[in-house]
Each structure stands twice: as structure tokens, then as C-alpha cells.
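Novice: The primary structure of each chain is shown beneath.
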Amino acid sequence: MPTPLLRVRDLRTSFGSGDRRSEVVKGVSFDLNKGEVLGLIGESGSGKTVTGLSVLQLLPDNAHVEAAELTYNGRSLAEVGAKDMQRLRGADLAMIFQDPVGSFNPAKTIGWHIVKALGRHSVGPSGDLKPGDLKAVAAELLKQVNIREPERTMASYPHQLSGGMLQRVLIAMVFGLNPKLVIADEPTTNLDNLVERQILELIRSQQRQHDTGVLFVTHDLTVARHLCDRVAVMYSGRIVEIGPTERILERPAHPYTAGLLATARSLEKRDAALYEIKGEPGATSWAKRCAFSARCPQVTDRCTAAEPTERTVEAGHSVRCFNHAA
Amino acid sequence: MLHNAINAMPVGASPLIRIRDAVLEFKIGKAWGAKRDLRVLDEISLDVNEGEIIALLGESGSGKTTLGKAMLGLHPLTSGSIKVAPPKAAAPRRQDAHDLQMVFQDPLSSFNPRFTVGSSIALPLRLHLKLSEEAIVERLAELLGRVGLNAGFAHRYPHEMSGGQLQRAAIARALALSPRLIVADEAVSKLDVSVRAQILNLIKSLNRSEKIAFVFITHDLGVAQFLADRVAVMYFGRIVELGPVDQVMDSPRHPYTAMLMNARKGQAPVAEEAKRSAKGCNFANRCPRALGKCHDVRPEVTAFGDDHEFRCFNPV
Amino acid sequence: MAFALLRHAVMRSAGVMILALMGAAVVFFAMRAAPGDPALTALGEGASTETIAAFRARWNLDEPLIVQFGLWVANALRGDFGQSLSIASGTDVYTLLADRLPNTLFIGVYAIILAVLISLVAGTAAALNRGGIIDTVATSIAAAGISMPDFWIGYVLIYAFALGLGWFPAYGFISPVESLGGSLLSGFLPALAIAAPMAASFTRILRSALIDNAHRDHVRVARSLGHGPSFIFLHHVLRNALIPFVTVIGLQVRYLLGGTVVIERIFGINGVGSLMIDAAFGRDYPIIQACALTFLLIVLLVNIVVDLICTMLNPRMR
Amino acid sequence: MIPVLKRLAANKTALTGAIISVLVAFAVIFGPMISPYDGDAMDVMAMLAPPSLAHPFGTDTMGRDVLTRVLYGARLSLLISISGVGIAAVLGSMIGLFIAYRPGFVSNVLMKASDLLFSFPSFVLALFLMVVLGYGVFNVALAIALIYLPIFVRLARNLAQLIVMEPWVQAAKLFGQPTHSILLRELLPNAVSPLLVQATIGVAFGIVIEAGVSFLGLGVQPPAPSLGLVMSDGREYFNTAPWVLTMTGLAISIALLGLNLLGDGLRDLTDPKLKERLS
Amino acid sequence: MNPITFNRRQALSLVAAAATLPMSFRAQAQSTTSQSSASLLRAAITGYTVINTFDPAKVTQLPESYVVWAVFNALVKFNQKMEIVPDLAESYSFIDPTTLEFKLRKGVKFHDGSELTSDDVKFSLERVLDEKTASPNRAKLSSIKTIETPDAHTVRIITHAPFAPLLTYLANTRTGTQIVPRKAVERLGDKFDFHPVGTGAYVLKEWKTGSGVKLEAFPDYFDGAPAFQTVSMPLIGEESSGLTALQGGQIDLTSTAPFASIPNLVKDPKIKVYKQTGLNVRYIGLNGRKAPFDDPHFRRALAMAFDRQAMVRSVVFGEGSPATGLLPPAIAKPGQPVPPSLTFNPAAAKAELAKAKYPADTEIKLLIWGPTWWRKIGEFFVIQVNQVLGTKIQIEAGESNAVFSRLRSGDYQAAVWGWLGFIDADEYLGDLLGKDGSRNFHGYNNPTFEALLEKGRSEVDPVVRRDVYHEAELLMLEDMPLIPCFNSNVHNLSIPALKGFTQLPYSNYGDQFAKLQLG
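Chains as they are written, first to last, in our numbering: chain A, 64 to 389; chain B, 144 to 459; chain C, 8 to 325; chain D, 116 to 394; chain E, 277 to 795.
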């Protein structure tokens, strides 16, 4: 197997200090290969967003990130200095955020944002760019994300554009920098159905065009179905199941994944009543128990006595559940 | 103050709410700047029948929430009418009590954070029913029970409850005065996936068992399909298609509905910004089937069968 | 954009004029309701009835109130605010104001500039050094600054920097018309006394606006794109923090101008403020009216300017 | 209430402010009782005595104990400021909430009137009102109330405009809750902490206004003790007895510092964006 | 990492840059500020800010007369020993008890270049007497019957009866007897108020309300050109501010000094203190036409209810003496005991109040004004009287002009007031309390008192005259139309370099500018 683009082993991220310290990511491990889209799926409190931010070191000062291994292209991100990390960001690692409106400085034009980002990394089709060319490159990038009037768009201020439009600009900007890895943090959650579909399509096509590795963070299984090569399902700070998308959608190994799928299926099948997972999600402890045990329909005594370890279902598909025969 | 645009209908009329040519315009612009009217509701005509669930389906800015609130009298209409059928039997409460209620999108802000959930639910009871304190406590427990919460939740403050629990409590509050209709505005979109199913099931069972009509506002086709008897698809203030849910979903006539259905199946629509049109069909600039006149002439409502209608010159 | 700004300015001015007219009405009618007959104040109780009648006719005091108000406004528009009744009997109020307004404006502008400079530096330093020594020192001084009434600061400054160190004149003010350097020097302490509480509050607002803006999403996005800290600070944080900063400056101008009143008195500056104090003691109604109105107009004008700056800073307001 | 106290204790600013404020309040309430001197009692033999154990702040030109005068003065100043700001807070908040809840002609007029008051420089308004109303304790309080009224109107309106859109207010409307009940039950409790914070800071500012007006001789009239009057005296004989001005100035500053810190701390605890909402 | 975490050095350099800012600009500004130069005298009028006119005939406010004496001259003036010596007159003599003849100096020029003639003198004095002029001093000169001008440099003043204070009145600025040029006055009309034309050493160059006066040396001054080309006279409302300005080097001379600072200033080598017993009186003026002061019992009760000795200590820091009557000690009959009605006597005061027809808690407002020590008179009075008698006197503060106009119009109950610069006993008793006295704001009218005043005016023998006024004063104190408090010392402060200043007990300095120099 070649070196993965991103290798994460036992990532733990906590906030605060002392008594008030709370762990949000509780030991997450995964690999992301070049040109691959990995869906990171989970509900609120599962730690999926924090996982993404931990990789890019974009968390606030009170956050504390530890990992047994956190490498980009074989290079340990933990050992990269602040200056180098700054250089890696944008050029190699980039991120698309959930709120397109907030992603732009309201006091600056769209064009300013793109030109400054391009100027920062001096990138473009020909490699080095003169400042004067940046505007043209920016316009070209906007065209690639199906923005019809790039000049007008560039002269606009963020509040003059819709969320979908802004997300498109952000995607153009991010992929225009040619990063190897993009973390997309619920980029479509705030968008309308049709726009969501367009944005997903856009990410997919840009990803293919640039052969970018994408970590796609979402709470929506159906979104993952159309976009991701593999999915990792998170629950309370850990990945409970990871594997190829089709495999997991067809034969989920974890009761939680199965429950989510059952609900989605019963919606599609127009059942009289929907399949329900009882209880509410949230950060629950994994100490000497399975965090999902309280909601699990298949719970056994073992689930509340010890922490389930990761088991391989088949090559590339593993699950954290006692009930699954190894 | 409420229902100033809503007149009582003659007794015996079948729909619960009858909306005719409802137009709602907001004035926008600064105090001294150029004002312009933004048409949020544009010639809406719709009946909501007793005991049915009707889904208002649409994207943000389509006017679905405004329409829901207008039904409740929270927004006065610019023109047109919304009429509410008078209650069939004299209900055991004061005359001005409102039997149209609402459940909101954000469960946390549905309750005044300074008071316990119980006291917020009890407020309409105290306001409109002359009940003893014991009776109120009893009624509170009963209401909470109906939405699957135990009576202990009455003493909790909103921030001490989870989203799902709060949404149940919000439904309990809406039920307090035995309403005939509840407008549920994106009532599950802020909830976690695994909790959504619980609330949707609850709403459906309340509708089936207690014959409470729901106007369910959503942008999620799946939810609409599961819950609704009928669906009204809205686009920039207009209802572009209205009909029984299966019929609309399985064989949409309006290109917009069709596009929504396709998107759900994974087919990306044409990338074009949604735009409001001054004269023609609002959807014309995104519509793959648009004709010349679509840009200039506003399509009128076309009936298709008894209960299916749409606004399109060139339907699918 | 220039046109839009101009139109915006015109629209704002129209609103301000209505407010100014309302203000004039309030000032006028309140003054009429105040105890004491202007005629008697001016002429004394012993004055003959003919003298009083002549005085009343001269100042339109025998017209109905609303007519008096109209005439007063009409005269005021022509710069005629009447004549002083007691403290400088017979002098045109306009002359008094024209003499003193430049001094007040000079000190006011001087104070604003000082306050803005101090707070820009202190606020930025504090935010950059959040939680550090500079931050603690700056915020503590700011808290102390807000807690000192300006007249008290005035004395501290006089005793420390004028009488103690001898760096600045202790009393009196050289008008900018006479000598700009002299006015800058003699105006420094009074301007600083007025500026100190303002600077303190500006510092705190700038500090918190900087910190607040540093946590905005677009800052995180900029970081994710690899922009460096100085770029982000300049273009994303400071740039955006200027909007609340300028807004607050606009709001605080009323306190600042209030401060000039007492400070003018303490430092012996012949400004509109000290004129108003003298007039208040002397119950010199025409002067009080004119001073109050002048101050109102200054605040309204400053508000227009602040509003325009905000509009330029914040594209969303255009 | 307990969690609030706990958070208060954790916030150094608020805690310092609270401690100073409590000490000042204690001194002002009980000080005059404990003090062996009468605020008015003259002792011409002991005039302008420097600070000593018997007279920690020294004595003034009439041989009155300056500390006792300051305590009485602070009591009066506080009373004036609190009543002024109190009136402004209650009235202003109600007007502000109403404006936010019921936009329309009446609200527009109220808002314009409030804006007008807000456009007068604070001290100019105070001076103007002192002339119109006449000098004296009650009128100073009234002037402070009028100066502070528009601030509360604006703040309450801005706060309520955010709350009015909240679903729970809409729900209340749907249940036919009467306007006064919506203002008092749904809006006020959720706007009250910023308003209280503003009131705390307002009391500090009210003291400044009172002291300033009285300092000029247009406010509280002698022989009633007022911080401004004591300072005005102290200024006159600063060369001979610098302690009168210095001690009184320091006393004022400490009291204001306490209130300001408390206000700031409370603001941080309740609403870090309060300042912006004022605009 | 926080994007706004800069390193400490960057933050420090910002702070340092800010700190040096005011200093760097100060260096720039200083080069442009002019320091006090030898040709400029800065003589501040402290404690007052109001000037209503510079017309000698109309002057009432103290600051006005400071300027008037620099711009005008009278026929005679006081020398340093308070003796009357010729000024515009070369000599004078009584031709008979009712005729006073002046020989005028020749070649005296007015500021407008015209020459002084006897006609100008006649015009000036008749102008004061003219009712249309509304001079506050008309009554003082009412004894004048006619003024004759036998030639251009001779003036004869003929009185109805022998008039004792005539020379004094002709010398004192506060009588408005300075000589003005007829032509200029007639030409300027009302404008003369602020465009005075005199014979004085200085010409008024500029006047700004509330701000001050600028004088320019008059090169043709008959007594020789003055040393200072320019005199600026800023008006400084507070005496302590005047001191601050003097200490800060912004002025050279003050017209008054804060009493509280005198003990310290005397020891200060950087300040020169001039001090003298003053010709003045501070009193509580009562309005005898209004309740409760239309009741003499009430008035007497108040007069005995406070300790004047303590008031002097407290209010003027011992720089004065308790009043023994209305007349300052310098002109009163010496060696007289303090009358009981001016002695602090709580028991007698209460007994007197008991006889009054008004209750103790009658509402009384006492007007106060001016610099702190003036206010303190009122404050001290109110505190002690209220304590002793249980009265409810309240204080109302005003500005001097406003209080004065209320006094004049009778719109008051009680007011702290006083006069400085009155030199003749008739000015005190006659002007303040005589029924035609132009400063009788008290409604006092006692025929016996009037008769005594009349007698005093025409009595030429100074000793007899003094006894007459003593008798009148004792009579007045029985009625107590006003409550005398104390007489205060007068002070001037200057920088030590100022030479040639002589302080006079009426504390005027306008006529001294010509003699001053910096050495």
C-alpha cells in the first residue's frame, strides 16, 4: 500500500484544562488516500468537525490536540512549526466550511478574497504569477465553478451574493490553490436542496479534476452515498464503523449505522411509521462501556461492562461492536 | 390583534382554513432610501382541510414559513383573504383562545429560557381555562405524557433538555388548548437524524389518533412524502404545484418539482441562481423547459384532475 | 458609489434637520417654561411699563408662543440669536458664539484625535497581548480612566504636568486663530482631560472588537488559506473592528462635548461651554438657548460624519 | 442565583468591582452613623487640619470632618444617581420594549424623541435642565434621568428587537397573551441583565454628572454635602490644604472604579456584545 | 494559535511609539509659543468675569473700574497715603464752602487726539447727573448745583450746600467722575460703552466678553509714555485659577488672591504678595419689603445668630476683621465697642426671633454668587444661623450680574453682598441705605437716619462729621436693614520681577500700569 495522503492514529482532542477539560475526539484513526473522498459521518457531539479542524490546527487556543500519528504525505503535522503549517495551509491542506456567508470578510469584495489567496501562494496554471494576472486567474476559476459573470461577482461584496454562490466561490478559491487535501465541513448543510446538489457535484468534479483527497464531514448518510468512496461513522468521539461506502450502505455492521440506514429506508419506502433509534445523541463516555449501549436495540451485558474494540468485518471494513462476529 | 385578516367562515364549510388570493408584501429599504415592496406571498389560494397533513415544500425564501404564519394571523395580508372555519362544538375555553397553533424550527428558542418548560406549557392553560392549580398540574402531566415525556420534565429549564425532548414539549404546549391545526415550521430540521424519526412518528400519530390537522413546512422531500397527505410546492412566493403527495412526488407536473425529485435521486440540476421575476414565471431562468412566454407572462393555475394543480405553461 | 454615498449623506442630513428642528423646539419651549420673565431679568423689576413693552415688542415676546418660536427659528437661521440679557447685556449672542465656537471645536477635535490615537495604540496593544502584562496594564488604566470625572482628571493634569513639571501652561488657552502651535500646546492638557475617559472607553471597545473579530469565521477561513498573522490582523481583524470602533466614537461624542463644558471652565478656555455655564448662572436665556442648540447641532453633524465613515467602512450599510 | 454568584466569583473584574462596591455601599450607609462627627458641625478651631487619625481626610475650612462630608456627600450623590438612573431604567426599558414589540407611529415618535434627547451632549443637557428646572437635589436626579433615558430606550429596544423574533414570543402571541404580559414575562426577563449592567455603569456616570453640576455650583446647593461641592471647596484651598481635593477625588474614583468594574464584569458574564447592541 | 497574538516586542514598540507622541509635538509647539516679553504686562482680573461697560458714568461692576482707571483720569486722585492729589487738574481750591475751583492741566490729549478742555469736564459731570445717563452714582453728586467754565482750563463746581465728600467722589473711580471727551461721546452714543476714549495711559484695544481686555500704551499720555506697550487683562472667574495661572507663568499680576492660600504664599519666594486692610464691607443684604425681612425682629435675630470672628477665620482665613458696623474700621469712629446687635449671642437672637411675627421655619432663600469665599460667607451664615435659630434658610447660587440685577429689581429675600472701593462714609451709609441711595436695595427709609445723613454731607469738620456718621450707624444697626459681616484684607499677587506696584486699600490697579516695569 502506498503512503496515505493523511494518516491519523489515535487522535484525541480536548478543550479547556484541569477539571473543566472535556475530550471531544476520543481516539480517532483513519487513512485518507490521494484522490479519495472519505465521508466522516456523525450527529451533533460526535466530534466529526473537531476531527477536521484538528488536522488543520485551526482550533482555538484552549484546544489540546494529541495523536499517536498525524502525518500528511508522511510528514508529521505535529512537528511542523507554526510558520511551516501556515505555508502548508492553502497550498497543500485546505478547508471548506459550513457557513459560506461567514467565510468571507464582509468588508472586502469577493475578488479581493480570491486575489489575496492566490497571491499568497503564487499559484496558477503556469506556476508563478504576476500580481496583474491574478484577477484574470480568479475570473477563470470562477468560470470553472459555473459562475457566469465572474467580473461582476468579483466586484460584489459577500452580502450581495447568495449562500450557494458564496460556497461556489469558496470552492473555486480552495481548489484553485491546488491543495492535495481538502477538508469539507458540512459545506451544504445551510443550503437549499437544489443548490446542495450542485455544490456536491461541484466538489466531486473539482476533486476529480485536481485528484484531491477530500475528507467530507457530514451528518447526512444520503449525501455520503453520492459523493464518498469510503465512509467513517462517528459516535461520541470515535469512529464506530469505517469502510467502503457501498459495503456499509448495503451491510452495515454497527447497530447505529444500521439504525440510521433503517430510518432513511423507511422514509423512502413510505412506511406508516419510521424506524426509530431511541434516545438522543450526544457525547457519552466510552469508559468501560459502549457509548451507544444506552440506545442500542441489541445491547447485551458485555456492552455495558467493557469498551468494544475495533474488529475487522472484512478487508477495509471494520467496526467497533461486540455483537459483530469477528 | 391576531387574525385581523382572518374572518370566520360560515358554519358547515368543509375546509378548516380557506386561503384566497393571499398577497403579502414587505416594505424593504431604509427610512429615507428608496423603498420597494418585496412580494413574499403571491396570489396564494389553498384550502387546509380538517384532520389532514399538508406539507408546504420549498427552499429558503420561497415564502413557506410566511404562509404558515399568515395562516395563524402572525402576518397581516396585503390583500386576499384567509378564513378559518368556526369550531364545530363549543370548546370548554374562552372565546378568544386560539385553536391554531405552531411548532417552531429551533426547539431551544421555542421556550422562554427564564421559565421552566412546565410553566410555559401551563401559561395558555392559566390564561384561557379556569382551572384549579391541581387541575393544571394534572393536565400538564397528561400533555407531557401524550408526547412521550414524563411529568418530571415540567420542572426543567429549556437548557436542561435535549433538542428532541424540547420539541416534544413544544408539541405538548401546542396541544394545550386542543387545537384543530398545528403549523409545524421545519420542526425536525434542527434535530439530529436519529431523533427526527421520533418526532415525525409522533406528529403522524397525533394526526391519525386525534385528527389534528398539520401544516408541515419543510424543504425535505422525504419528510414531506412520509408525513403529508397533500403537498404544496412553493417557489418565490407562489404555489407552483399542489396535490396529493404520491401524485406530486411520483409524477410531478411542474419542472421545479421534477427538478427537486431528480436532485434527490442524485441528479444535479442546472447551475443557475434562483431569481425572482418581475412579470413572468419565477422559475423561468432555471427551467430547462422554459418557453419564450414563460419569461413575460405569469402562468395561471392549471387543474390536473380533481385535486392536482400547477402553474406552468409547459408542464412535464 | 460616490453618488450613493452623496445621496445617503443628503438623506441623513434631511433626517438630522428634522431632529435639529425638534431640538430647537424643545430648547425654545423648555426655556419659555423656565422660571423668570426675560424682560424682568433684562430690565429689572423697577423698569417702567413702557420700557418693558418696548422690550417685549423688540423680542416678539407679546406674540403667541408658536409665532415666537417661528420668529426665533427664522432669526436663528440668519445667525441672529438675540442679545445677551445679563452676563454681557446687549451683546449679540451670535458674536459671543462666533468668538468662542472655534475654541470649543478646536478642543473637541483635539480631544477626539487624542482619544482615538491613544485608544488605537492601547487597544491594539492590549488585544495583541491578550492576557499579558500590556493587556493588564492597558485595561487597568482604562478602568481607572473611566472612573475619573473629567474635572478631577483636569486638576490632576494641571498639578502634575503644568505646575509640577512645567511642561504645559496651567491656565488659559491661546486661540488657534492666533497661534496654531500655541493652541496645540495650551490645548493639550484640556484636550487630554476630556480625552482620557473617552480614550479609556474607546480602548476597551477596540480591544473587545478586535478580540471578537479575531474569532469570526472568515478569520479561520483566512488562516485555512495560509494567510499570515499580520495580514489577517490588518485586513480581517483591525479593518472590521474599526466599524464598531467608529460607531462608538460617534455615540460617545455627546459625553466628549459634555466634558468640554467643565474643562473649559477649569482651564480658562473661552469656549461655548464656559459661556453656557456663565449663562446658566446668569439665567441668560438667549445665550443658553443658543449654546444648547449649538451643541446639539455639533453632535448631529458629528453623527452624520460618523455615519458616512461607517458607511464607507461597512459595505453592508450602503 | 447561586450559579450567577459562582460565575461572579470566577470573574476577577466583577469580583473586584463587587467587593469595592459593597465596601463603598457599606461605608456610605453606615459610615455617617459610625462617624463621630456631624456632617454640618463646624469647629472653627480645627479648620483645615491635615489628615490624622481623628480626621483621616483632614478637615475643611469650617472645621468639618472631610471624611464625614465625603460619606454624606457620597450618600447624597449615590441617592441622586440611583434614583435618576432608576427612573431612566424603568421608564426607558418599558418604552424601549414597547417600541420593539409594537412598531408603528407611536413607537416612531417615541424613538425620535429619545434620539433627540440622545443628541444633546450629556453635560449640556444637565446644565440646560438645571436652568429650566432650577437647582436642587430633586432636579439633579431628574436631569440624570433624562440624560440616561434614551440610553435605556435604545438598549431595551435593540435587545428586544432580537427577542421579539424569537419563537417563544410568537408562541405567546398565538396564545393570545396580552401585550403587558408579553413585555413583562417574555421580553423583560431576557433583556434584564444587560439593562442591569447598563444601570450599574449608569449609576457611576450619574455620580459624575451630579458631581460635575454641583462642582460648578448649579446642582446641589450648600450646605447640603455633595461630592462635587466638597471638591469645589477643596480646589479653592488646594495650595493650603491639598488633601481635601485629593482625598475626595480619590474617594470618587474608587467608588466609580468599583461600579465600573462591577458593570464590566457583569457585562462579560451576561452579554459580551452589549456595547455593540447600544449602537 | 490566535491570529492576533503578536509577540511582546511588537506590542511594546506600539506602546512606546504612542508614549513619545505628545512629547515630540510639544517640542514643536514650544518654539512657536511666545513667552512673556518685556513689552507685555499680563494683569489678570480674578474672581470676576463680567464687564458690561467701560463708560465711567455707568460702571458698577468691579472689573469694569480696573479698566476704567487705566483708560481714564479724573480731576484728582489718591496718592499712596490715600491723600487727594491733583490728576487732570493742576490745582484746586475752595473759593467758598460751596464753590470748588479746578485749574486744568494744559496739553492733555484724549486718545482720539483732541485736547482736554473745561467743557469736557463740565460735560462729564453733568452727564452723571443727567437722568438719561442712568448713572448709578447720580445720587452721590446730587449736591452739585451748577458747573461753570470761566475759561478752557478752569472749572468751578458749585454745590447747593457745603458738600463734604465732594473731592473724594471726584477722585474715586466708583463715582464715575472720570473725564470723557464731549465730542467723542456725542459721536459714539451707546457705542461709547465699549469704545471708550479717555486721557489714560492706555487705550482699549480689544475686549472679548468673558475673556478679557487688551490695552495698548497711549504714546501721548500726559504723564509720560508707559513702560509696557501692551497690557492684557484676562478675566479669570475663580481666584484659585488666577493663582494657578500665576504659578504656571501665564500671568504677571492678579487683582485678588484666594484667602486660603495667603499663609502659604507669603512664604513662597516665587510669588510676591501685597496685602492691606481693605476699604470694604461684606454683608447679608436683606429685602425689607418682603417677608420675613420686613420684620426688624427677624432681621436683628439673624444678625446676632452667627459668630463673625469664626466667619473671618473660616471664610477668609483670618484675612479680615469682624464688622463693628457698616463702615470699615479705617473710616469708622475709632475705639468704639462692638455693638451688641453685631455680637454673637444665641440667647438674645432666639429672644429676638420669638418677638418676630414670622415663625422660624419661614421659607428663606439666600442668594450667593461669585468665588468660593464669597459663597462660603453664605454657607457659613446659613449653617450657623440655622443651627442657632432653627431657621430653614436655603441657599441659591447665581452669577454676580444676575444676583446684582435681582438685588436691583428687588427680586430677592436675602443675598450675600459687599462693596469694595467706597472711600467716604456717605458712600456706605448714604448710598447703600439712604432713601435716595442708588444702591439701597433694602427698602430702608428712616427719617432720623436721613436727617443724620444730610447733616454728615454738609459738615466740613472731619471729626464732627465722623461722629455724625457714627450716630447714624448706631441708629441703623437698631433697624438692621442689612447684616454686616466683616471687612476683609485686600491682596494682589505678582511675579517677583514686577516692580513699582503700590497697593491701595481699595485694591485698584488700573492707574498703576503706567508705572510698572519688569526688573
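In case anyone wonders, no lab produced these hints; they're calculated from the structure.
Hints should not be assumed to be uniformly reliable.
Said to hold, decoys possible - These stretches of chain A come out as covered by chain C in the derived footprint (C-beta under 8 Å, 3 or more residues):
#, region
1, 98-105
2, 110-124
3, 159-167
Stated by the list, open to error - Heads up, simulated BS3-like pairs for lysine-lysine below, C-alpha to C-alpha not over 25 Å straight-line:
#, chain 1, residue 1, chain 2, residue 2
4, E, Lys421, E, Lys631
5, A, Lys89, A, Lys341
6, E, Lys481, E, Lys385
7, E, Lys631, E, Lys566
8, B, Lys347, A, Lys332
9, B, Lys212, B, Lys170
10, D, Lys227, B, Lys170
11, A, Lys341, B, Lys212
12, A, Lys332, B, Lys333
13, B, Lys418, A, Lys206
14, E, Lys385, E, Lys421
15, B, Lys408, A, Lys332
16, E, Lys421, E, Lys408
17, A, Lys332, B, Lys354
18, A, Lys341, B, Lys333
Each residue gets a CB set at the ideal place from its N, CA and C atoms; glycine is no exception.
Novice: Holds or violated: Lys332 of chain A with Lys333 of chain B, Cα cutoff 25 Å?
Specialist: With Cα atoms ~23 Å apart, Lys332 of chain A and Lys333 of chain B stay inside 25 Å; holds.
Novice: Does Lys481 of chain E pair with Lys385 of chain E here, judged by a C-alpha cut-off of 25 Å?
Specialist: Holds: Lys481 of chain E and Lys385 of chain E sit about 17 Å apart, inside 25 Å.
Novice: Between the alpha carbons of Lys212 of chain B and Lys170 of chain B, is the straight-line distance 25 Å or under?
Specialist: holds, 18 Å
Novice: Holds or violated: the region 110-124 of chain A covered by chain C, criterion of 3 or more residues with Cβ-Cβ distance under 8 Å?
Specialist: holds (count 3)
Novice: Are there three or more residues in the region 159-167 of chain A whose C-beta lies closer than 8 Å to some C-beta of chain C?
Specialist: holds (count 5)
Novice: Hint check: Lys347 of chain B vs Lys332 of chain A, CA-CA at most 25 Å. Holds or violated?
Specialist: holds, 16 Å
Novice: Check the hint pairing Lys341 of chain A with Lys212 of chain B against an upper bound of 25 Å on the C-alpha distance.
Specialist: violated, 32 Å
Novice: Has the given pair, Lys89 of chain A with Lys341 of chain A, been kept, meaning a C-alpha gap of at most 25 Å?
Specialist: holds, 23 Å
Novice: Decide if the proposed pair is consistent with the structure: Lys332 of chain A and Lys354 of chain B, CA atoms, cutoff 25 Å inclusive.
Specialist: holds, 24 Å
Novice: Measure nothing beyond the straight line between the CA atoms of Lys385 of chain E and Lys421 of chain E; if it is 25 Å or shorter, mark the hint as holding.
Specialist: Violated: Lys385 of chain E and Lys421 of chain E sit about 28 Å apart, past 25 Å.
Novice: If you draw a straight line from the CA of Lys418 of chain B to the CA of Lys206 of chain A, is it 25 Å or shorter?
Specialist: holds, 19 Å
Novice: Tell me if the straight-line CA distance from Lys408 of chain B to Lys332 of chain A falls inside 25 Å.
Specialist: holds, 14 Å
The structure fails hints 1, 4, 11 and 14 (numbered hints given earlier, in ascending order).
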